[in-house]
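Model the full structure from these sequences, guided by the hints.
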Amino acid sequence: MSTEEFTDDMDAIRQIFFDECDEQLALLEEELTTLGEELENGEKINTIFRCVHSIKGGAAAFGMEELVKFSHLFESVLDLFRSGTHSVTNDSVSTFLKCKDALFDIVAAFKNGGGDCEVAPDTISELESYLHSETSEPEQAPEDAEMDDIFGMAFAPVKIAIDAPIEQNFSITLTVTPEFYERGDDVRNILIALEGLGQLQVKVDTDRVPLIGDIFPEQSYLTWKLLLVTQKSQVDIEEIFEWSGDDLQATITLASENVDDAPAPLPVAVEEKTDPQVRKSVDRKDSATVRVDIQRIDKLVDLIGELVINQGAIQSQMRRNKVHGDSVLGNVVTAQEQLIHELQENVITMRAYPIKTVFQKLGRVVRETARLTEKQVRLVLEGEDTEVDRSILEKLSDPLTHMVRNAIDHGIESPQVRAQAGKDPEGLLRLRAFQRSGRIIVEIQDDGAGLDPDRIYEKAIEKKIIERGQRLDRDEIYSLIFEPGFSTVAEVTDVSGRGVGMDVVKQSLQQINGRIFISSAKGKGTTFSISLPFTLSVIEGIIFKAEGQDFVIPVNNVLETIIFDSRKAFHIGEGKYGYPYRDGYLSVIYASDIIGASSDGLNQKICFVIENENEEKLAFIVDKIIDHSRFVVKNLEDNYRKIACFSTATILGDGNVAFILDVEFLFGELLKKRESSLEERV
Amino acid sequence: MIMEKALVFSLGNQEFSVQISAVKEIKGWAKATPFPAAPAFVEGVVNVRGSVIPLVNMAQMMGVSDNNDEKKAIIFLKDDKKIIGFSVSNVTDISDIDEEDFRPLPELSSDNLKYYSNGILSLGGRLVFSVNVSSLFEGSLQ
Numbered sequence: 001m002s003t004e005e006f007t008d009d010m011d012a013i014r015q016i017f018f019d020e021c022d023e024q025l026a027l028l029e030e031e032l033t034t035l036g037e038e039l040e041n042g043e044k045i046n047t048i049f050r051c052v053h054s055i056k057g058g059a060a061a062f063g064m065e066e067l068v069k070f071s072h073l074f075e076s077v078l079d080l081f082r083s084g085t086h087s088v089t090n091d092s093v094s095t096f097l098k099c100k101d102a103l104f105d106i107v108a109a110f111k112n113g114g115g116d117c118e119v120a121p122d123t124i125s126e127l128e129s130y131l132h133s134e135t136s137e138p139e140q141a142p143e144d145a146e147m148d149d150i151f152g153m154a155f156a157p158v159k160i161a162i163d164a165p166i167e168q169n170f171s172i173t174l175t176v177t178p179e180f181y182e183r184g185d186d187v188r189n190i191l192i193a194l195e196g197l198g199q200l201q202v203k204v205d206t207d208r209v210p211l212i213g214d215i216f217p218e219q220s221y222l223t224w225k226l227l228l229v230t231q232k233s234q235v236d237i238e239e240i241f242e243w244s245g246d247d248l249q250a251t252i253t254l255a256s257e258n259v260d261d262a263p264a265p266l267p268v269a270v271e272e273k274t275d276p277q278v279r280k281s282v283d284r285k286d287s288a289t290v291r292v293d294i295q296r297i298d299k300l301v302d303l304i305g306e307l308v309i310n311q312g313a314i315q316s317q318m319r320r321n322k323v324h325g326d327s328v329l330g331n332v333v334t335a336q337e338q339l340i341h342e343l344q345e346n347v348i349t350m351r352a353y354p355i356k357t358v359f360q361k362l363g364r365v366v367r368e369t370a371r372l373t374e375k376q377v378r379l380v381l382e383g384e385d386t387e388v389d390r391s392i393l394e395k396l397s398d399p400l401t402h403m404v405r406n407a408i409d410h411g412i413e414s415p416q417v418r419a420q421a422g423k424d425p426e427g428l429l430r431l432r433a434f435q436r437s438g439r440i441i442v443e444i445q446d447d448g449a450g451l452d453p454d455r456i457y458e459k460a461i462e463k464k465i466i467e468r469g470q471r472l473d474r475d476e477i478y479s480l481i482f483e484p485g486f487s488t489v490a491e492v493t494d495v496s497g498r499g500v501g502m503d504v505v506k507q508s509l510q511q512i513n514g515r516i517f518i519s520s521a522k523g524k525g526t527t528f529s530i531s532l533p534f535t536l537s538v539i540e541g542i543i544f545k546a547e548g549q550d551f552v553i554p555v556n557n558v559l560e561t562i563i564f565d566s567r568k569a570f571h572i573g574e575g576k577y578g579y580p581y582r583d584g585y586l587s588v589i590y591a592s593d594i595i596g597a598s599s600d601g602l603n604q605k606i607c608f609v610i611e612n613e614n615e616e617k618l619a620f621i622v623d624k625i626i627d628h629s630r631f632v633v634k635n636l637e638d639n640y641r642k643i644a645c646f647s648t649a650t651i652l653g654d655g656n657v658a659f660i661l662d663v664e665f666l667f668g669e670l671l672k673k674r675e676s677s678l679e680e681r682v
Numbered sequence: 001m002i003m004e005k006a007l008v009f010s011l012g013n014q015e016f017s018v019q020i021s022a023v024k025e026i027k028g029w030a031k032a033t034p035f036p037a038a039p040a041f042v043e044g045v046v047n048v049r050g051s052v053i054p055l056v057n058m059a060q061m062m063g064v065s066d067n068n069d070e071k072k073a074i075i076f077l078k079d080d081k082k083i084i085g086f087s088v089s090n091v092t093d094i095s096d097i098d099e100e101d102f103r104p105l106p107e108l109s110s111d112n113l114k115y116y117s118n119g120i121l122s123l124g125g126r127l128v129f130s131v132n133v134s135s136l137f138e139g140s141l142q
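In order, the protein sequence lines correspond to chains A and B.
The UniProt record's numbering applies: residue 1 is where the first sequence begins, and numbers increase by one.
The UniProt record's numbering applies: residue 1 is where the second sequence begins, and numbers increase by one.
In case anyone wonders, no lab produced these hints; they're calculated from the structure.
In this text, all values refer to a predicted model and were calculated from it rather than measured experimentally.
Do not rely on the hints blindly, as some may be mistaken.
To be verified - Only some residues are given here: those of chain B computed to face chain A with a beta carbon under 10 Å:
{"#": "1", "residue": "32"}
{"#": "2", "residue": "33"}
{"#": "3", "residue": "36"}
{"#": "4", "residue": "37"}
{"#": "5", "residue": "38"}
{"#": "6", "residue": "42"}
{"#": "7", "residue": "45"}
{"#": "8", "residue": "46"}
{"#": "9", "residue": "49"}
{"#": "10", "residue": "50"}
{"#": "11", "residue": "52"}
{"#": "12", "residue": "54"}
{"#": "13", "residue": "81"}
{"#": "14", "residue": "82"}
{"#": "15", "residue": "114"}
{"#": "16", "residue": "142"}
Unchecked claim - Just the calculated beta-carbon pair ranges, DEER-fashion:
{"#": "17", "chain 1": "B", "residue 1": "109", "chain 2": "A", "residue 2": "467", "range": "53 to 63 Å"}
{"#": "18", "chain 1": "A", "residue 1": "397", "chain 2": "B", "residue 2": "135", "range": "54 to 64 Å"}
{"#": "19", "chain 1": "A", "residue 1": "397", "chain 2": "B", "residue 2": "65", "range": "47 to 57 Å"}
{"#": "20", "chain 1": "A", "residue 1": "306", "chain 2": "B", "residue 2": "96", "range": "35 to 45 Å"}
Stated by the list, open to error - Restricting the straight-line Cα-Cα distance to at most 25 Å, the calculated cross-link-like pairs of lysine to any residue (SDA-like) are:
{"#": "21", "chain 1": "A", "residue 1": "642", "chain 2": "B", "residue 2": "41"}
{"#": "22", "chain 1": "A", "residue 1": "299", "chain 2": "B", "residue 2": "50"}
{"#": "23", "chain 1": "A", "residue 1": "299", "chain 2": "B", "residue 2": "26"}
{"#": "24", "chain 1": "B", "residue 1": "81", "chain 2": "A", "residue 2": "656"}
{"#": "25", "chain 1": "B", "residue 1": "27", "chain 2": "A", "residue 2": "311"}
{"#": "26", "chain 1": "B", "residue 1": "82", "chain 2": "A", "residue 2": "655"}
{"#": "27", "chain 1": "A", "residue 1": "642", "chain 2": "B", "residue 2": "50"}
{"#": "28", "chain 1": "A", "residue 1": "624", "chain 2": "A", "residue 2": "601"}
{"#": "29", "chain 1": "B", "residue 1": "72", "chain 2": "A", "residue 2": "654"}
{"#": "30", "chain 1": "B", "residue 1": "27", "chain 2": "A", "residue 2": "313"}
{"#": "31", "chain 1": "B", "residue 1": "24", "chain 2": "A", "residue 2": "310"}
{"#": "32", "chain 1": "B", "residue 1": "31", "chain 2": "A", "residue 2": "603"}
{"#": "33", "chain 1": "B", "residue 1": "81", "chain 2": "A", "residue 2": "655"}
{"#": "34", "chain 1": "A", "residue 1": "395", "chain 2": "B", "residue 2": "81"}
{"#": "35", "chain 1": "A", "residue 1": "642", "chain 2": "B", "residue 2": "132"}
{"#": "36", "chain 1": "B", "residue 1": "24", "chain 2": "A", "residue 2": "306"}
All residues carry an ideal CB built from backbone N, CA and C; glycine is no exception.
Encoded structure:
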């Protein structure tokens, strides 16, 4: 092996260590956050201890001394809590949280190449105070012993239960079904495989064998009773039986000591151990996961996208050749389509992450912000297991961080003000995620002062966003805070006034097709609800033709499709038209204008009534509707750059590219036309 | 000393070359899907095995006269991030490039040519402009 390969391998192992650190830190954070709620919880302290311990173990193996030292100190203190010498209080939880943040920083420092990360001295002294307050603790061994301890375990496995090489007795009963033999399998193969795991005793139970005259040659009458003494786990044994499925009715139980005893049925043997450490690791194993490089899953999503495109190609060929949908081929293709859709949905869920990963980062933001603003805030997380596509999750972190900062800085009042208003001095910030009608909803709710419509209105006039006297309803006033250049707090604060306003929040949410709503009550608090799509890689859309070219419009923006009657369109200004819709009139945007073609208007037959999130409507005129389908979204920026009216594209059944219309762009056009008519007036 | 291999192609009746390591794929020319407000030299976007890739008319972008406007091939070039297709008149051959083959551009070359080309290669009497791949990418993404 060349040196280079070796370094690569080491890098890979280091990367795995850092990945694991991230996981452990996330778990640590999760446990610590909930520890505050239920102070007496030995199980949680155990978990916390194990997290720190794992990090220490790995760190020692990689010679990351600072990390080893600090995690060892942290671990020693935790041990005092674990053994009951100290009991958990709110103060100690906050010390633990500080330590967790320090661990996070040290890990990050090592990850970025350096190792020079100093832990704040007061964090260390806080920790040490716990150690010194317990004088008779044997844990306080001399320095040498301490180091021995660390390096003694440096290469020892960190996961505790699974690896313990204890010999166990498993009793296994095999009842063989005729199907097992029909598949040409042989019990002998199984027995040989089992023997490979340890010592095997075999007994054949012939009780069910009938008299020779009654024997049915294709039936199977034998039952094997096996006793296996092995260091392997039940999972390893079960693996052997995986091949034969249900045809070999195998029951595996952890047997009692006595070998000669007939195996007594012990149904859930492995789970019945009482040592909490063991139990935890078994729990984890139940929801076993495989670590897969995300790029591989992305590749899968892409490949399935191509399958969908190919499927479209097959179907359009079938239509062209007039193959009937009821024909054998038609049925097979339809079945295939369903399979592909199912496959696609499954793979997309594989890429989904629980929103927990973002929420947990926010815990840190909340603590920092609360400290800086000298406010007391309790963070409540709900629905952290709600899963969101990775691509969305990545872009959700920044806007959420900003909104959480805002909620604490501007929403939640100082403890004194709260007390005067008769509220709990500790403010409540609730982050909630859930699914509703195919979209993910994330709510940020505070019980602070609420939005003040009058103040927002005045501020908007001052900032020349609106004109005095303009009549706006309450929701319209609230949405003013998303206007560029709006900020209700006069002085720039440390926390949220960093030149980034809510307009940026809204923009970044729009990039991921997110929508945001506000509800607020003065004195009671504010709730921001963000509605997000589950995935960005597939959209449902309508494919239409304009000036001979195919385009796609996302179906969730289309309110209605009506036949366009050009005689009803009326002139409302230079190149501007109106069109009747229900009991009112809409502004018209012609597709031909957007794509820059001059049209004789003869082909314009269809009107899409399009609505955006602000409930603005417009009439969009196209030539023809082709189909309604699901489209794989291709990002134009991957290989090119942003294009004005189309944010993305898709590939049609015939292999050609079709652009997906950016509905916000249409409303932008509307705005431009409105401005140009304002200029005309001037 | 052989430095590298280069792909030689023509725009009209003039030959050009790019380093072979940047070439991802060569395909016959196909019509791209046009889009509004595109720079004149961008023909549109094409689908290459599921990726949407812009197609740039290289002659037009470089301001090189392209007498016979017939385009026969698309050269797909890659940098570390993106893939862009360039339509060219024809793909000629792959040549070994020697360091001694390089000559600087004449003083009076147009700014465009100076931007896109880093010198002239004389390959057995043939005059080939060596094209800078990074300039091609910068130019295309404007």
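Q) Which of the stated hints cannot be reconciled with the structure, identified by number in ascending sequence? A) As far as the earlier hints go, 15 and 18 are violated by this structure, in ascending order.
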